[in-house]
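K.L.:
Read off the chains here:
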Amino acid sequence: MGRTISFSEAIREAMEVAMSKNPDVILMGEDVAGGGGVDHLQDDEAWGGVLGVTKGLVKKFGRKRVLDTPISEAGYIGAAVSAASTGLRPVAELMFNDFMGVCFDQLLNQGAKFRYMFGGKVKTPVTIRTMHGAGFRAAAQHSQSLYPMFTSVPGLKVVVPSTPADAKGLLLTAIEDDDPVIFFEDKTLYNLKGEVPEGEYRIPLGQADMKRTGSDITIVGIGKQVHTALKVADHLSKQGVEAEVVDPRSLSPLDNQTILQSVEKTSRLIIVDESNPRCSIARDIAALVADQGFDYLDAPIKCITAPHTPVPFSPTLEDLYLPSTEKILSAAEEMIGETLTTV
Amino acid sequence: MGRTISFSEAIREAMEVAMSKNPDVILMGEDVAGGGGVDHLQDDEAWGGVLGVTKGLVKKFGRKRVLDTPISEAGYIGAAVSAASTGLRPVAELMFNDFMGVCFDQLLNQGAKFRYMFGGKVKTPVTIRTMHGAGFRAAAQHSQSLYPMFTSVPGLKVVVPSTPADAKGLLLTAIEDDDPVIFFEDKTLYNLKGEVPEGEYRIPLGQADMKRTGSDITIVGIGKQVHTALKVADHLSKQGVEAEVVDPRSLSPLDNQTILQSVEKTSRLIIVDESNPRCSIARDIAALVADQGFDYLDAPIKCITAPHTPVPFSPTLEDLYLPSTEKILSAAEEMIGETLTTV
Amino acid sequence: MKSVEEKQNSIQQEQGLWMFRKMVQIRKFEDAVREIFARGDIPGFVHLYAGEEAVAVGVCAHLTDQDFITSTHRGHGHCIAKECDLKGMMAEIYGRATGLCKGKGGSMHIADFEKGMLGANGIVGGGIPLACGSALTAKVKETDQVTACFFGDGANNEGTFHEGLNLAAIWNLPVVFVAENNGYGEATPFHYASSCTHIADRAQAYNIPGVVVDGRDAVAVYHAAKEAVERAKRGEGPTLIECKTFRNYGHFEGDTQTYKTKEERESQAEKDVIQRFIQYLTDEGIASKKDLDRIENEVEREVEEAIRFAEESPFPSENELTTDVYVSYPTDGGGA
Amino acid sequence: MKSVEEKQNSIQQEQGLWMFRKMVQIRKFEDAVREIFARGDIPGFVHLYAGEEAVAVGVCAHLTDQDFITSTHRGHGHCIAKECDLKGMMAEIYGRATGLCKGKGGSMHIADFEKGMLGANGIVGGGIPLACGSALTAKVKETDQVTACFFGDGANNEGTFHEGLNLAAIWNLPVVFVAENNGYGEATPFHYASSCTHIADRAQAYNIPGVVVDGRDAVAVYHAAKEAVERAKRGEGPTLIECKTFRNYGHFEGDTQTYKTKEERESQAEKDVIQRFIQYLTDEGIASKKDLDRIENEVEREVEEAIRFAEESPFPSENELTTDVYVSYPTDGGGA
Ligand SMILES: Cc1ncc(C[n+]2csc(CCOP(=O)(O)OP(=O)(O)O)c2C)c(N)n1
Ligand SMILES: Cc1ncc(C[n+]2csc(CCOP(=O)(O)OP(=O)(O)O)c2C)c(N)n1
Ligand SMILES: [Mg+2]
Ligand SMILES: [Mg+2]
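Protein chains in written order, with numbering that gives the first Met the number 0: chain A, 0 to 342; chain B, 0 to 342; chain C, 0 to 335; chain D, 0 to 335.
Any given hint could be a false lead.
Below, computed lysine-lysine pairings styled on DSS-like, alpha-carbon distance capped at 25 angstroms [unchecked claim]: (1) B:Lys120 <-> D:Lys289; (2) D:Lys270 <-> B:Lys59; (3) C:Lys270 <-> B:Lys58; (4) B:Lys192 <-> B:Lys230; (5) B:Lys237 <-> B:Lys210; (6) A:Lys63 <-> C:Lys289; (7) B:Lys59 <-> B:Lys20; (8) B:Lys210 <-> B:Lys326; (9) B:Lys63 <-> B:Lys192; (10) B:Lys58 <-> D:Lys140; (11) A:Lys122 <-> C:Lys138; (12) A:Lys326 <-> A:Lys237; (13) C:Lys289 <-> C:Lys270; (14) D:Lys138 <-> B:Lys59; (15) D:Lys270 <-> B:Lys20.
Derived from the structure by calculation, the hints contain no laboratory data.
This one's a predicted model, so the numbers in the text were calculated from it and none came from an experiment.
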């Protein structure tokens, strides 16, 4: 196995591997190199993205392949999409997923639909990396988790990794995938460390990971909430309840089978996700199981999500906004029909 | 009760009533008057929207209150939002909901979040009217039903009417509502006729309508699919199965109670909607019932939606794309455990 | 700068005949679509390019299959000028399996990547960022491919116009932006919706050349495009060409055009672009009336064949509904 | 046109002292935020306006509470110039219940509609269409309210810039567009990201006046804004004013600004806008050094009080999480 590196280093590594292997892979985005057009700036002093995730790549690959863009998301996301359908394999960064609103058309109506509208005669191997997630005190316009909207769009693939190793393996796969992939990075996970294999390391899309096995209850977690789920599972275990924690890793394609098999075993399902509740991935998975796994179920399916509110700025409110171990535990408790000591 | 008028006339009437009552109500959008700046054009010859829904309003209210806009959706939708928060009550038309991608930020991050971000100190009474729906042979970029994305956004209200009377009553309420409302109009329903009350007629948001009562199975239909559901119900009735058809009418707020009460009575639930399946309103409602109505259920919850594909152009494919009575019947059949003759 | 005469002289016979053929193809194709649509055999709605032929043809005359174009909702003319197959186009408009997009795209989404035609576009202004993308590919791969980006006067008020032109300018991309100013976006006149006097004036905002040409003069378009394409190939970046043109029919079929005066419709129709090009070709001795008649007859037959081909073609099979969403289509289509 | 001298003379004493006070308030407020942020007491991230005071103040000097402004992620200066309460602002930045937005908005979303401050904005270019909206309200209601729309040099490449300026131009809306060109959008220089030489050059694309002023000269900004505001009030439509300015600190706190040379940082800091305005006020005999010192001391105390107020304020109560999403909040919040 690999060394211990951070989530953000793992992401950088995936890009580095992909770029080393294939000259068609280019990076573009606001300050992904950093300081475009500044003469005196040493490449190793360049920003490398607003939180430094791409730092070092411009030094290695040069400004011809690591392109700073103007603040023109519709312009450069559209350019990335079309560069992909004409022969490049761009990795474009949309700094915060919250900014989708200024460029969504280029994904929704252009990149996502090219293949279908054009009768299967084109492929669009573009990857959009973007930050999501609350907990950073970044307020209402920089903290959302908007993958449900992308998941709803046929033609897009959607990835939400929870660990450094998954992030690396999934990003390399995403870049090499021939379809448009939206790759979500929780900014509060960037410093999370974990063992990550060196060199080429890939994880297929559409393959959930069992982050913990158990027989009493299934908890599906998305992104950072996988960790909340694991905490809850530890706690439950102390009380003799073994939770199975399933991390779908990609939301589109979604690994229905692994989820259904887990529920077949445990008969109980909680989904934990920090998007807003309505038309969310949590409800999407709940509906899947309420249809195809109905007969396995012994209890109502619980979705633990953010409330139907924007993300509040104040730390005290933002902490309440996120799914908590308490809420998950009390849902589990209700399902199991026993009183569990709270964490 | 009223006269028989069409869906599109009912919509126009709601605007007419609202504008007559309140000088702050203005209309804006591409060709909502029609022929902005054309000297020789008689106001009654002006387009009145691309499918003529606002025809006649410019004649009655003048070009100061019925504003043709440039093809600049981010510009004028944003202007409508901010005009609302500074004292007007605009009804802005986003011609096709598919165009949301070029202006979504002004709703997602601006209008929808003002009230929350600004600590409750502002209201934004804007209504966005927009066309949706397949079946018009309008292809992949003019046929989508994107209300799930809007429903997921806290701060927005979302309305999808299915009949002329509902359209009028809901639109008048929407315009007079102090929050931003996205009002979806199925372009294939515009010619549908129905009885509509004259003058001021309002239907509250968040109140589902029982379009048919029954005791054996609940079918929730969205927009045009209410009619498909009713057709199926007629057919089931002939075979002794009485379906209850619930039309939520507004997706946000959603009338949870009516849906849950219906399922309590019937123990079976099918949701019919023509959006793509993932993170859809169909799955959203399914998840609601799989949680809060789990104990009522005797069978898996079925979502009959469009497939996970863009809308195809070819008529033969587009007809297959839409939910069909056959598909709904076979789902019902499975649930009821009896063989029903297909329509 | 060469004089106008010198420039005109530079259209070679082969080129001139090609242009004529393409213009006639567009006109006859569109007139046929209009008729077929009127009798209800074509589904959906169609936006016809008739009247604007000189623009697409004058520009595409300088492009090869390796070069790219992006297009609009009014895309048939661009497709034909970029040498898409008439049969495949007509079948697409009919929604048949033999269409260029297997019938899945329709009139507003015809594409043919093998011809460098990157797609008609149902989103006004949607193609402008895409043009930057194909140009970026050419730049990164160091080929000399040029991208011509067609869009309407209505599109020039979309944010993508601004973002695309600025991006092309700072990256010095090989794009020729072609504004087709037919005076209207739907029913709304250019002068109402746009605060600029000419679209080409907006080029200044990006420090790139902006040129206004008479878009009903194929020769003028040809020369302006030549310069812009050569400039792009020399690595000198984008140009914005505004072609003042005229839409022979309504915004879409069914539009009665009350917003145009009778005089406007008639006075413009007089200046028909094809008649004008015929005049030029014969005046200059590039072609005889006989040559041109022969071509017209050939095209007539081509269009008839295209219609027959479309009408005899099958609709797509049921399974086509769910194919072509992804290259690799794992599980059951994203959990659906 | 008046000569520069004549113009300068027109700043009245009351106005001059108000401007000085506001500039000092901004500077001291921002320097305090910087310190508090560094020691970790302010959550999230903050973008400071220090160095750019002359712009917000020179513009807002012409506005009343009835007039509107839209702002940016770097909004503290605009808030202060529009007379938002320092205590309420500081409490907001601390995330306290007594903040102008009850702590729900934070640094990037401070608003005070009673003062006509329509909100800072976390979306670059997001405020530009909004400015057209408040101006439309004024126009439809036939008031003489003006909207000043602040945005950065980075924002001038967003599509909303183009759409907003065009819309304001064709509708002749009472907006003053104020481009704060501090030379950088994050780490990227203006000249790399923007194809125009000056942002003001882009005004030509909308047939509206475009003016470049030294944004570090409060007097120059004051006069340019005066003309633009009067023009707007006369119903003559929008103006674009580009203020060349300088950001004293990094893009956000924590940015080490490797993209600026040491010389750049130092040479610019020398031209400090407040020192320069002091010079002007004293040279012109508008204020004595003593008056100004007194104001500085008063502001010092105001900022200290604001900090104390914020620190002593409670955090919002739990129930605040789910209030203020809708005016009417039927059922349980949209089915959630
Ligand atoms: C983003 C977007 N907004 C609006 C429309 C509806 N629409 C289709 S064509 C058109 C007019 C376009 O005008 P112009 O760009 O001048 O092209 P023309 O039709 O004159 O060729 C409009 C408004 C659209 N398809 N996409
Ligand atoms: C739509 C959008 N894109 C990107 C960002 C990230 N971002 C925040 S501030 C900023 C730079 C803005 O530069 P400029 O407009 O010059 O304002 P300045 O920071 O210099 O005051 C960027 C890129 C954003 N907030 N919104
Ligand atoms: Mg036009
Ligand atoms: Mg800047």
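K.L.:
It remains to establish, for every hint, whether it holds in the given structure.
P.N.:
Each hint, compared with the structure:
1. Taking the CA atoms of Lys120 of chain B and Lys289 of chain D, the gap is about 40 angstroms. The hint is violated against a cut of 25 angstroms.
2. With a C-alpha separation of about 59 angstroms, the suggested pairing of Lys270 of chain D with Lys59 of chain B is violated against the 25 angstroms cut-off.
3. Note on Lys270 of chain C and Lys58 of chain B: the hinted pairing is violated, with a Cα-Cα distance of about 35 angstroms set against a maximum of 25 angstroms.
4. Our distance criterion of 25 angstroms between C-alpha atoms is met by Lys192 of chain B and Lys230 of chain B, whose separation comes to about 17 angstroms.
5. For the hint linking Lys237 of chain B to Lys210 of chain B, the alpha-carbon distance of about 18 angstroms falls within 25 angstroms, and the restraint holds.
6. A hinted pair counts as satisfied when its Cα atoms are at most 25 angstroms apart, and Lys63 of chain A with Lys289 of chain C does not qualify at roughly 54 angstroms.
7. For the given pair, Lys59 of chain B sits about 13 angstroms from Lys20 of chain B by alpha-carbon distance, which is consistent with the 25 angstroms threshold.
8. This hinted pair checks out: Lys210 of chain B and Lys326 of chain B have alpha carbons roughly 20 angstroms apart, not beyond 25 angstroms.
9. With a C-alpha separation of about 31 angstroms, the suggested pair Lys63 of chain B and Lys192 of chain B falls outside the 25 angstroms cut-off, and the hint is violated.
10. For a cut-off of 25 angstroms, the pair hint linking Lys58 of chain B to Lys140 of chain D stands: about 20 angstroms separates their Cα positions.
11. A threshold of 25 angstroms between alpha carbons decides the hint, and for Lys122 of chain A with Lys138 of chain C the separation of about 20 angstroms falls inside it, so the pair holds.
12. Straight-line distance between C-alpha atoms of Lys326 of chain A and Lys237 of chain A comes to about 18 angstroms, which keeps the hinted pair within the 25 angstroms bound.
13. Annotation: proposed proximity of Lys289 of chain C to Lys270 of chain C holds, straight-line Cα distance about 22 angstroms (limit 25 angstroms).
14. Restraint check for Lys138 of chain D and Lys59 of chain B: satisfied, since their Cα atoms lie roughly 20 angstroms apart, inside the 25 angstroms limit.
15. Restraint check for Lys270 of chain D and Lys20 of chain B: the C-alpha separation of about 57 angstroms exceeds 25 angstroms, so the hint is violated.
When the structure is compared with the earlier hints, violations turn up for hints 1, 2, 3, 6, 9, 15 and for no others.
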